[in-house]
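**Q** Here is how the chains run, residue by residue.
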Amino acid sequence: MDLMRHSSAFLLPSIPDDGPPPTYALVVLNQRLPRFTPLVWKHAQLRLCADGGANRLYDEMPGLLADEDGNDVRNRYKPDAVKGDMDSVRTEVLEFYSNLGTKIVDESHDQDTTDLHKCIAFIRDFTPDLDKSNLCILVAGALGGRFDHEVGNINVLYRFSTMRIILLSDDCLIHLLPRTHHHEIHIQSSVEGPHCGLVPIGTPSGSTTTTGLQWDLNDTEMKFGGLVSTSNIVKGDKITVQSDSDLLWTISIKKV
Amino acid sequence: MEARAAQLRLCADGGANRLYDEMPGLLADEDGNDVRNRYKPDAVKGDMDSVRTEVLEFYSNLDPALREGTKIVDESHDQDTTDLHKCIAFIRDFTPDLDKSNLCILVAGALGGRFDHEVGNINVLYRFSTMRIILLSDDCLIHLLPRTHHHEIHIQSSVEGPHCGLVPIGTPSGSTTTTGLQWDLNDTEMKFGGLVSTSNIVKGDKITVQSDSDLLWTISIKKV
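Residue numbers (my numbering), protein chains in the order written: chain A, 8 to 263; chain G, 395 to 618.
Here chain A stands alone, though its shape is the one from the complex (with noise of 0.2 Å):
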């Protein structure tokens, strides 16, 4: 089986250099910018909007980076492309980033997919020019408010397992851990941690093994309405995790 490793050198002020670093891409959703999201839009090669995160963009950026002028800021931070069933974002936003260059995608006429999986096929399908050899989408916004779409959010994961996905809120991450590969998860404590958890959603899990972390699993079975792995601490600076299910991995992102 082969081996998965997985970092959150995305958090930090800069990527470090041991290794080739991803390619990331920036998906905004319609949620309160978390306060990080310049520092991940530095790091991202492309940057989209699904639908009313264009309004999140526009609003909340200037208040993220208080020391810069408003419209500086505005000018600045333009997304790549604002894609979705445009049933949120205002006109006069889209028609701002429309005039900078902003690709508009709009996909009102498609009701069966949400404005996320919309983004994640447009990023895998449409993006000829992006280096997608070592790719990692970063989802701002994900978590949080009405739950039936971080319900969907968590789907989109689970429906382009093949693809690395990162669902960040202020408060934590979620990504897949598929049960086609053994992981190592190398924990930046400076920017996340100590909390984490491991979650069998949408199947429950026969056999879940892990090092690293406080209380660890030694093939123990996970499901809802038993034992679910949350409240766990990480000890160290790696953990790995092996598991005959695709389970959610889930850590807090720290506070400074």
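Some clues are possibly wrong.
Said to hold, decoys possible - With a Cα cut of at most 25 Å, we get these calculated PhoX-like pairs of lysine-lysine:
id	chain 1	residue 1	chain 2	residue 2
1	A	Lys49	A	Lys139
2	G	Lys600	G	Lys617
3	A	Lys230	G	Lys585
4	G	Lys600	A	Lys230
5	A	Lys262	A	Lys230
6	A	Lys230	A	Lys242
No lab work stands behind these hints: they were computed from the structure.
Following the hints, complete the assembly by docking chain G onto the known chain A.
**A** Here is chain G on its own, set in the frame of chain A:
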């Protein structure tokens, strides 16, 4: 205010801080101290690693003549269950005066914040699946629809909806059938990686659901 309708009010650990700090702001027309004295929990329960000492003292010192004093139940020795789990077990096992023939437990502040906390709270719904427990946030509510029953959900459209969803969180669902939704399910399979009913819409004032799996029902709460 839901607190007026409840017969028993508990704070889980740091929930006592929230009550103390934030209740006056929700009743801004009234005197803050008066609010703190009136909105007193019957117990504060949990591992006590979040609740502030002065808040704990405030509630345990409240004038016993007004009501029986607040019970402080320190469960810091038990690290295997979440604070919510401890509270639910407390309500189930240690409240002889509470009529439990038609009990419904409302949990405020159950969603948002750390995802693993949210998951722990959702897991409590599955671990106490024979009890009615409703997780609440400003934006929405969640409760379990056990597979042992078919369900009728009466929609209070002045306060909830129209956005809703059905989620097979723990295990795939081979067959679910609904009525009353914009996108009804008809013996439809649901699972993560495939179809999960999110961003659905309630069409009328009654939804019915029947499934071979435990499902989570979620509906938005109106901001009026």
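**Q** All hints are to be evaluated individually against the structure, with a verdict given for each.
**A** Status of the hints after comparison with the structure:
1. Restraint check for Lys49(A) and Lys139(A): satisfied, since their Cα atoms lie roughly 18 Å apart, inside the 25 Å limit.
2. In summary, the hint linking Lys600(G) to Lys617(G) is supported, as the alpha carbons are separated by about 21 Å, within the 25 Å threshold.
3. For the proposed pair Lys230(A) and Lys585(G), the alpha carbon gap of about 15 Å is at most 25 Å, so the pair holds.
4. Only pairs whose Cα atoms come within 25 Å are accepted, and Lys600(G) paired with Lys230(A) is rejected, the gap being roughly 31 Å.
5. Between Lys262(A) and Lys230(A) the CA atoms are separated by roughly 31 Å; this puts the pair beyond 25 Å, and the hint is violated.
6. Using a Cα cut-off of 25 Å, the hinted pair Lys230(A) and Lys242(A) holds, with the two alpha carbons roughly 24 Å apart.
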